[in-house]
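2 protein chains.
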Amino acid sequence: MNPAKITILAPGLIGGSVALAATKAFPKAKIAVWTRRHESLPSIRTVLPKADVSIDPSLATDADLVVLGSPPSALPELVRSILPFLKPSALVTDVASIKGPLENIMAHLLQNKARWIGSHPMAGSEESGIAVARADLFQNAPVILTPTPTTPADVTRDATSFWQALGARVLTLTPQAHDEQIARISHLPHLIASALVLAAGHDSLPLAGSGYRDTTRVAAGPSELWSEILCNNRLQVLASLKDFRSSLNDLVSALKKGDASALAKILDDAAKIRRTLPTS
Amino acid sequence: MNPAKITILAPGLIGGSVALAATKAFPKAKIAVWTRRHESLPSIRTVLPKADVSIDPSLATDADLVVLGSPPSALPELVRSILPFLKPSALVTDVASIKGPLENIMAHLLQNKARWIGSHPMAGSEESGIAVARADLFQNAPVILTPTPTTPADVTRDATSFWQALGARVLTLTPQAHDEQIARISHLPHLIASALVLAAGHDSLPLAGSGYRDTTRVAAGPSELWSEILCNNRLQVLASLKDFRSSLNDLVSALKKGDASALAKILDDAAKIRRTLPTS
Chain A
1 MNPAKITILA
11 PGLIGGSVAL
21 AATKAFPKAK
31 IAVWTRRHES
41 LPSIRTVLPK
51 ADVSIDPSLA
61 TDADLVVLGS
71 PPSALPELVR
81 SILPFLKPSA
91 LVTDVASIKG
101 PLENIMAHLL
111 QNKARWIGSH
121 PMAGSEESGI
131 AVARADLFQN
141 APVILTPTPT
151 TPADVTRDAT
161 SFWQALGARV
171 LTLTPQAHDE
181 QIARISHLPH
191 LIASALVLAA
201 GHDSLPLAGS
211 GYRDTTRVAA
221 GPSELWSEIL
231 CNNRLQVLAS
241 LKDFRSSLND
251 LVSALKKGDA
261 SALAKILDDA
271 AKIRRTLPTS
Chain B
1 MNPAKITILA
11 PGLIGGSVAL
21 AATKAFPKAK
31 IAVWTRRHES
41 LPSIRTVLPK
51 ADVSIDPSLA
61 TDADLVVLGS
71 PPSALPELVR
81 SILPFLKPSA
91 LVTDVASIKG
101 PLENIMAHLL
111 QNKARWIGSH
121 PMAGSEESGI
131 AVARADLFQN
141 APVILTPTPT
151 TPADVTRDAT
161 SFWQALGARV
171 LTLTPQAHDE
181 QIARISHLPH
191 LIASALVLAA
201 GHDSLPLAGS
211 GYRDTTRVAA
221 GPSELWSEIL
231 CNNRLQVLAS
241 LKDFRSSLND
251 LVSALKKGDA
261 SALAKILDDA
271 AKIRRTLPTS
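Residue numbers (our numbering), protein chains in the order written: chain A, 1 to 280; chain B, 1 to 280.
Among these hints, one or two may not hold up.
Note that the list lumps identical chains together, so a pair holds whenever it fits in one copy or between two copies.
Keeping only pairs whose Cα atoms sit at most 25 Å apart, straight-line, the calculated SDA-like set for lysine to any residue is [unchecked claim]:
| hint | residue 1 | residue 2 |
| --- | --- | --- |
| 1 | K272 | H202 |
| 2 | K265 | P142 |
| 3 | K256 | S246 |
| 4 | K30 | T46 |
| 5 | K272 | L225 |
| 6 | K265 | R234 |
| 7 | K50 | L235 |
| 8 | K24 | D250 |
| 9 | K242 | S204 |
| 10 | K265 | T148 |
| 11 | K30 | N2 |
| 12 | K5 | E77 |
| 13 | K50 | D62 |
| 14 | K50 | P101 |
| 15 | K257 | E180 |
| 16 | K242 | P206 |
| 17 | K256 | I105 |
| 18 | K28 | R234 |
| 19 | K257 | P84 |
| 20 | K265 | D214 |
In case anyone wonders, no lab produced these hints; they're calculated from the structure.
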């Protein structure tokens, strides 16, 4: 797709990076950015000096592409606020970490109003806010689209084309498969990193090397947002936690016995899986 | 200290990086590197073209500083092999991840033969071997020295001076305090990262973003070495695991109830601790 106007709503790190990356990828497109809070206008204008920035939802008027940057819980209200301004050919997508609980609500709200598909860019940082947005955030990053059986092929195709133009590697999953797999690859690691930080505490921090630094990085992320994500994907996270505890028990059982070769074997099973991950 | 000759034995990533960093920090010093295996000589000579490289332990002759790069289990035998060549003023240190179980053995072996102190540089990578050694590996990295009540002050002072010359931030702990704190900040995170990889499995890897990548990076490390480290620090790792499970239970309990504000509070406790870690 080659959008003439892109409207981004509620930009934080992800939405802001979409705006920056889209400015580069579609130099002729008009970029419009909406924020709920008047106080956010100056920081958005600093990052995006050429964008049309406002607290007026009519910014969505005539947009070919609308990207919703808000946390999951704020999405329905955000969509309601722009419904009067959407043209039917507009492609509307989000960037939320959970898909299943939102899909029916979003599809219903946007039915006959615009073209809807869920997106989840697997990119980010423990930092948040538009001030840390980066034009290259999506380079080689996976972006998961979550079409349903009723999603028209042109919607999936246009969303794919958009994210690819931003440098992303696009995959598609059903909303349910997304939530299940993302629980394992993102939500569970966040929960575990937070528990690791609490277990290690303050006192040992001056000793921390790159291992602790990387293993726990995500635990510095925004707590309210992560709590919302985890609670909204609770059943899938709890299922992945069960597998985690089972794997941990295998490791701990070998460790308790002091069985170095059994422990090395399990560590090696993990190392072999981890080493198949392509370096970014 | 200003060593005229530095001998590094059994160099992998850490020992090789010591050799590279020492070449820069002490441009006039003679650098000698010993390896057990004849087959390793070419790769060491590639990384350290100016060093004196050999499989002959007499390379330790006249060394002012001796750095033992081997895994913990190989340290006593390695020290025995160089005892005939050490001068009494030589400072001997290691780079192993565990300290308590080795301290008495090493101190006893080196008594009246050379000056001994344990070192643990908190630097490294999931990769291993001298081919990935880097001259800047110790820049701003913590290096923990583990003097005991019988360690002379000049030994601690000289070891501090050496590691500082390599760019490190030097701390001292007793061997026991080292093992206890490193269990929390390094050994437990390794165990947990491996369990996370096993729980997530292969299938979700194409979806992995930077969160999974960082959280699990260390799990790609050398399995045999890590099994040895974990088994040698078993009691301390199991103690830290108990605290981890307790913190995880608090998180999971809030998650099971779907109590987003209680969960956010615990996540925020972790985030506050993690945010106090200085960026490297």
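Homo-oligomer pair classification [D250, K24; C-alpha up to 25 Å]: Classified as neither: same-chain Cα gap 49 Å, cross-chain 45 Å, threshold 25 Å.
Within, between, both or neither, where K50 and L235 count as close if Cα-Cα is 25 Å or less: Neither: 43 Å inside a copy, 59 Å across copies.
Within, between, both or neither, where K28 and R234 count as close if Cα-Cα is 25 Å or less: neither (42 Å within a copy, 61 Å between copies)
Homo-oligomer pair classification [D214, K265; C-alpha up to 25 Å]: This pair counts as both: shortest intra-copy Cα distance 24 Å, inter-copy 22 Å.
Intra- versus inter-subunit Cα pairing at 25 Å for K257 with P84: Answer is neither: 66 Å inside a copy and 38 Å across each miss the 25 Å cutoff.
Alpha-carbon proximity between K256 and I105, which holds within one copy, between copies, both or neither at 25 Å: between (49 Å within a copy, 24 Å between copies)
Copy assignment of K256 with S246, given that the CA separation must stay at most 25 Å: Answer is both: 15 Å inside a copy and 18 Å across each meet the 25 Å cutoff.
Same-copy or cross-copy closeness of K265 to P142 [CA-CA at most 25 Å]: Classified as neither; 31 Å inside a copy, 30 Å across copies.
Within, between, both or neither, where K272 and H202 count as close if Cα-Cα is 25 Å or less: For K272 and H202, only the inter-copy Cα distance (10 Å) is at most 25 Å; the intra-copy one is 33 Å.
25 Å Cα threshold - placement of L225 relative to K272: For K272 and L225, the Cα distance is within 25 Å only across copies (15 Å; inside one copy 33 Å).
Same-copy or cross-copy closeness of K5 to E77 [CA-CA at most 25 Å]: Answer is within; shortest intra-copy Cα gap is 22 Å, inter-copy 71 Å.
Intra- versus inter-copy proximity for P206 and K242 (alpha-carbon distance at most 25 Å): between (33 Å within a copy, 22 Å between copies)
Against the hints set out earlier in the document, violations occur for numbers 2, 7, 8, 10, 14, 18, 19.
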